[in-house]
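Chemist: Sequence:
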Amino acid sequence: MPIMIYKLTTKDKPHEKIALLCDDEWLHTPQVDAFSQWLKNNVASESTGEYITDIGFSWRRVASASGPVLDVAAMRRMVDLGMQLFLSEYPGFAGEDETIRP
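Using numbering that gives the first Met the number 0, you'd call the opening residue of the sequence shown number 0 and step up by one each time.
The reader is advised that the hints may include incorrect statements.
In silico DMTMM-like links for lysine to aspartate or glutamate, alpha-carbon gap of 25 Å or less [claimed, not checked]: (1) K10 - D23; (2) K12 - D70; (3) K10 - E45; (4) K6 - E49; (5) K12 - D23; (6) K6 - E24; (7) K12 - D32; (8) K39 - E49; (9) K12 - D53; (10) K10 - D53; (11) K12 - E24; (12) K16 - D79; (13) K6 - D53; (14) K6 - E88; (15) K39 - D22; (16) K10 - E49; (17) K10 - D70; (18) K10 - D32; (19) K39 - E15; (20) K6 - D79; (21) K39 - D23; (22) K39 - D53; (23) K39 - D79; (24) K16 - E49; (25) K12 - D79; (26) K10 - E24; (27) K6 - D70; (28) K12 - E49; (29) K39 - D11; (30) K16 - D53; (31) K39 - D70; (32) K6 - D32.
Note that these hints are calculated values from the structure, not bench results.
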């Protein structure tokens, strides 16, 4: 479940699933790239409302301090949609030379 995008609905209806991105990807950089691209390609087709994006990731044992950047244009698109961002950390390791162990 690395990236789930939902539209919030009324109290009587469940959230509407809009997209699932990067189904088997647990590294931040490709996830943020895919999410930014989704925003760029889809923001015009979605109505303004309340949305949630949940990015699930596993930390990297060899991580230092750098990581992907969600640029201002992507953040502006999120604001225009009324989108909240959740970052959900899962146990295990992710990395180029390591197997993910959630």
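Chemist: Given the hint that K16 pairs with D79, does the C-alpha gap stay at or below 25 Å?
Modeler: At roughly 19 Å apart (the allowed maximum being 25 Å), D79 and K16 satisfy the hint.
Chemist: Sort out whether E49 lies within 25 Å of K39, counting only the CA atoms.
Modeler: With Cα atoms ~18 Å apart, K39 and E49 stay inside 25 Å; holds.
Chemist: With the threshold set at 25 Å, check whether the alpha-carbon distance from K12 to E49 stays at or below it.
Modeler: Status holds; Cα separation ~14 Å.
Chemist: For K39 and D79, compute the direct alpha-carbon distance and say whether it is at most 25 Å.
Modeler: The given pair, whose Cα atoms are some 12 Å apart, holds under the 25 Å limit.
Chemist: Please work out if K6 and D32 have their alpha carbons no farther apart than 25 Å.
Modeler: Holds - the C-alpha atoms of D32 and K6 are around 21 Å apart, at most 25 Å.
Chemist: Between K39 and D70, is the straight-line Cα distance small enough, at 25 Å or below?
Modeler: holds, 11 Å
Chemist: Take the C-alpha atoms of K6 and E49, compute the straight-line distance between them, and say whether it is at most 25 Å.
Modeler: holds, 6 Å
Chemist: Between K6 and D53, does the CA-CA distance stay at or below 25 Å?
Modeler: holds, 12 Å
Chemist: Would the pair K10 and E24 pass a check requiring their Cα atoms to be no farther apart than 25 Å?
Modeler: violated, 32 Å
Chemist: Run the distance test for K6 versus D70: straight-line Cα separation, threshold 25 Å.
Modeler: holds, 22 Å
Chemist: Under the criterion that the straight-line Cα-Cα distance not exceed 25 Å, is the pair K39, D53 satisfied?
Modeler: holds, 17 Å
Chemist: Measure nothing beyond the straight line between the CA atoms of K10 and D70; if it is 25 Å or shorter, mark the hint as holding.
Modeler: violated, 33 Å
Violated hints, in rising order: 1, 2, 5, 7, 11, 17, 18, 26, 29; the structure is consistent with all others.
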